[in-house]
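Asks: Listed here are the chains, written in short residue letters.
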Amino acid sequence: MTKRIEISGLNAYYGANKAVEDISMTIEPRTVTAFIGPSGCGKSTFIRTLNRMHELIPGARVEGRVQLDGQDLYGPEVDPVAVRRTIGMVFQRPNPFPTMSIYDNVAAGLKLNGVKKKSDLDAVVERSLRGANLWNEVKDRLGKPGSGLSGGQQQRLCIARAIAVEPQVLLMDEPCSALDPISTLAIEDLIALLKERYTIVIVTHNMQQAARVSDRTAFFNLAGPGQPGRLVEIGDTEKIFSAPEVEATADYIAGRFG
Amino acid sequence: MSTSITPESRGDAKRDSGRRRGRSDKTGHGTDAKLPKPAKTQVRLGDRVFLGSSRGAGILLLVIMAAIAVFLVVEALDALGKNDGNFLTDSTWVTDGAKPAFGVAGLVGGTVISAAIAMLIAVPVAVGVALFITHYAPRRVAQTLGYIVDLLAAVPSVVFGLWGLVFLSPKLIGLHTWLSDYLGWIPIFDKDDAGATARTLFTCGIILAIMVLPIIAAVTREVFLQVPRAHEEAALALGATRWEMIRTAVLPFGKPGIISASMLGLGRALGETIAVAMVLSSSQELVFKFLDPGGNTIAANIANQFGESNELGRGALIASGLVLFFLTLLVNGAARVVINRHKEFSGANA
Ligand SMILES: Nc1ncnc2c1ncn2[C@@H]1O[C@H](COP(=O)(O)OP(=O)(O)OP(=O)(O)O)[C@@H](O)[C@H]1O
Ligand SMILES: [Mg+2]
Chain A
222 MTKRIEISGL NAYYGANKAV EDISMTIEPR TVTAFIGPSG CGKSTFIRTL NRMHELIPGA
282 RVEGRVQLDG QDLYGPEVDP VAVRRTIGMV FQRPNPFPTM SIYDNVAAGL KLNGVKKKSD
342 LDAVVERSLR GANLWNEVKD RLGKPGSGLS GGQQQRLCIA RAIAVEPQVL LMDEPCSALD
402 PISTLAIEDL IALLKERYTI VIVTHNMQQA ARVSDRTAFF NLAGPGQPGR LVEIGDTEKI
462 FSAPEVEATA DYIAGRFG
Chain B
16 MSTSITPESR GDAKRDSGRR RGRSDKTGHG TDAKLPKPAK TQVRLGDRVF LGSSRGAGIL
76 LLVIMAAIAV FLVVEALDAL GKNDGNFLTD STWVTDGAKP AFGVAGLVGG TVISAAIAML
136 IAVPVAVGVA LFITHYAPRR VAQTLGYIVD LLAAVPSVVF GLWGLVFLSP KLIGLHTWLS
196 DYLGWIPIFD KDDAGATART LFTCGIILAI MVLPIIAAVT REVFLQVPRA HEEAALALGA
256 TRWEMIRTAV LPFGKPGIIS ASMLGLGRAL GETIAVAMVL SSSQELVFKF LDPGGNTIAA
316 NIANQFGESN ELGRGALIAS GLVLFFLTLL VNGAARVVIN RHKEFSGANA
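Residue numbers (the working numbering), protein chains in the order written: chain A, 222 to 479; chain B, 16 to 365.
The hints are simulated quantities; they were obtained by calculation from the structure and are not laboratory data. Mixed in with the good hints there might be a few duds.
Derived pair list, reagent style DSSO-like, types lysine-lysine, alpha-carbon separation capped at 27 Å [claimed, not checked]: (1) B:Lys270 - A:Lys365; (2) A:Lys360 - A:Lys338; (3) B:Lys358 - A:Lys365; (4) A:Lys332 - A:Lys416; (5) A:Lys360 - A:Lys332; (6) A:Lys339 - A:Lys360; (7) A:Lys337 - B:Lys270; (8) A:Lys360 - A:Lys416; (9) A:Lys224 - A:Lys365; (10) A:Lys332 - A:Lys224; (11) A:Lys460 - A:Lys224; (12) A:Lys339 - B:Lys358; (13) B:Lys358 - A:Lys332; (14) B:Lys270 - A:Lys339; (15) A:Lys337 - A:Lys365; (16) B:Lys186 - B:Lys206; (17) B:Lys358 - B:Lys270; (18) B:Lys97 - B:Lys114; (19) B:Lys358 - A:Lys360; (20) A:Lys337 - A:Lys360; (21) A:Lys365 - A:Lys332; (22) A:Lys460 - A:Lys416; (23) A:Lys332 - B:Lys97; (24) A:Lys365 - A:Lys338.
In this text the structure is predicted, and so the values were computed from the model without any measurement.
Produce the complete structure using the sequences and hints provided.
Replies: Right, here's the structure in full:
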């Protein structure tokens, strides 16, 4: 099910502007990898190259290789739509479809895949909502609009929507930054559950969160203003937080930045 | 903001409402009882002038509207009182002589049919154009196309009328025959008249479609641009193709806007006068077979008849104008109902 992602020599551009440079790393299956680093160092840009969302921005392009169990995601015969079906994404701000009910939000991806049978949809909707720890809160109002939920519930709804299509990898770009501490903990618990089935990559600005949820941590930094972001180091979270190899990492984690 | 808090200065708060908040913040750590009571809001001169003038303008507008309405209704009722026929079901328009008989049935029919044809053609095309401009075309092309659409909206209707009469309608004769040959088994597509002209409600509908298309396209384009990028990305991240993304995120979000835009267009199609008056060879009868020459609309009939009408004729035309007004009101009301039915899901609270 879950797959290893290998990235080598990846550059991402916005027009002529290089946003991230020469990134190589391996993301193991069934692990949570946290991306940390100062604002603007290209974490979002990089994570969006992993499911080919980056190229949707006009003028944006990617160089280098991203392999999912040996298959190059940027190969000439690869359909980016298929890549996005395999690698799901949760965004910084909860973005349930406002025109759809809770049920339809979760079922949206399945309907795109052509699943029509009500009983199949019902089963997946329930499973996904349970998987996202939301079932008990919404089971009595599945027909109500998703935008009527609280921010934390909306984010879990988005997670349910993402896992409903059974992706192999789940990318999360600051999924808790718009949430209160309780909702944040709920999502973190959920991540711990999800990692048994999915490979998870999470961008976070919260050091405690990175330490709590991730197995491995990658620290990104800018060489200087106007320079592209680079991967400084990646390693087991415990090691990155206790004895990083690069001083900049230690400084950043300790809050002695800039 | 304020420097020292003394009992005296706290007393000032009553008069100086603009600074009140800064003070109460500072006194806030004392007991609640010490907080100054909310002072009665002092109305400033500017506010008073603005309030007075806007209220005055509002009242003036209402008075003018009421006066117009009263005038029209009186004139119309006057004429209706002298009508020998049935105003709602007749399709004749005789407003002089001993036995005036006039009715709007044929006119309403022509108005509704031509507007319906116009909407059936214009709405899908306009939505398509708007989608193309916002989601498919490269930036350059989109911009050019946008200008063309805006330009088209500025063409006066006389020009459309002339063009329709001189250029378009002769070219459409073939299409009329073709439609009646293949779809003639549907009653309204039947064609009695082998006819050499295409001065028909169908031609009118096509011209009206071209006239309202830019309005609908321009408004829907704005609506589609409002669709939050986050929703589009949500669909794409689920593995939607571009068209699937449009279907899951863009069209549902834009639906109320599409309906409103269509209503704007429909209002114009229902009320369009000159172009229709020029194209149709006017006749009063109720023409359901829109591929046959003839038919007329309320607005075109008013334009055609007004010049040579006597007083009774003018009253009758005003009455028909009121019918058009209620028709438009009805359609807009229906659209409101449709929009409101799904308000919960409109995305307005997202
Ligand atoms: N749509 C865009 N068009 C052009 N440049 C962009 C775009 N999005 C991001 N950038 C640029 O790319 C660089 C990296 O941005 P990115 O959003 O990836 O940073 P980040 O690490 O996610 O920051 P944050 O922690 O604030 O989210 C920045 O210099 C930014 O200005
Ligand atoms: Mg970011």
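Asks: Hint check: Lys460 of chain A vs Lys416 of chain A, CA-CA at most 27 Å. Holds or violated?
Replies: With a Cα-Cα distance of about 20 Å, the restraint between Lys460 of chain A and Lys416 of chain A holds, given a limit of 27 Å.
Asks: Hinted pair, alpha-carbon criterion (27 Å max): Lys460 of chain A, Lys224 of chain A. Please report holds or violated.
Replies: holds, 24 Å
Asks: Under the criterion that the straight-line Cα-Cα distance not exceed 27 Å, is the pair Lys360 of chain A, Lys332 of chain A satisfied?
Replies: holds, 20 Å
Asks: Just to be careful, I want the Cα atoms of Lys270 of chain B and Lys339 of chain A compared with a cutoff of 27 Å; is the pair within it?
Replies: holds, 25 Å
Asks: Given the hinted pair Lys339 of chain A and Lys360 of chain A, is their Cα-Cα distance within 27 Å?
Replies: holds, 16 Å
Asks: Between Lys337 of chain A and Lys270 of chain B, does the CA-CA distance stay at or below 27 Å?
Replies: holds, 23 Å
Asks: What's the verdict on Lys365 of chain A and Lys332 of chain A, does the C-alpha distance respect the 27 Å limit or exceed it?
Replies: holds, 19 Å
Asks: Taking only the CA atoms, is the gap from Lys332 of chain A to Lys416 of chain A under or equal to 27 Å?
Replies: holds, 25 Å
Asks: Within a Cα-Cα threshold of 27 Å, do Lys224 of chain A and Lys365 of chain A meet the stated pairing?
Replies: violated, 36 Å
Asks: Starting from Lys97 of chain B, check that the Cα of Lys114 of chain B is at most 27 Å away, please.
Replies: holds, 9 Å
Asks: Can you confirm whether the C-alpha distance between Lys358 of chain B and Lys365 of chain A stays at or below 27 Å?
Replies: Distance of about 12 Å is within 27 Å: holds.
Asks: Given the hint that Lys360 of chain A pairs with Lys416 of chain A, test it: the Cα-Cα distance must not exceed 27 Å.
Replies: Within the cut-off at roughly 24 Å; holds.
Hint compliance for this structure: hints 9, 23 are broken, all remaining hints hold.
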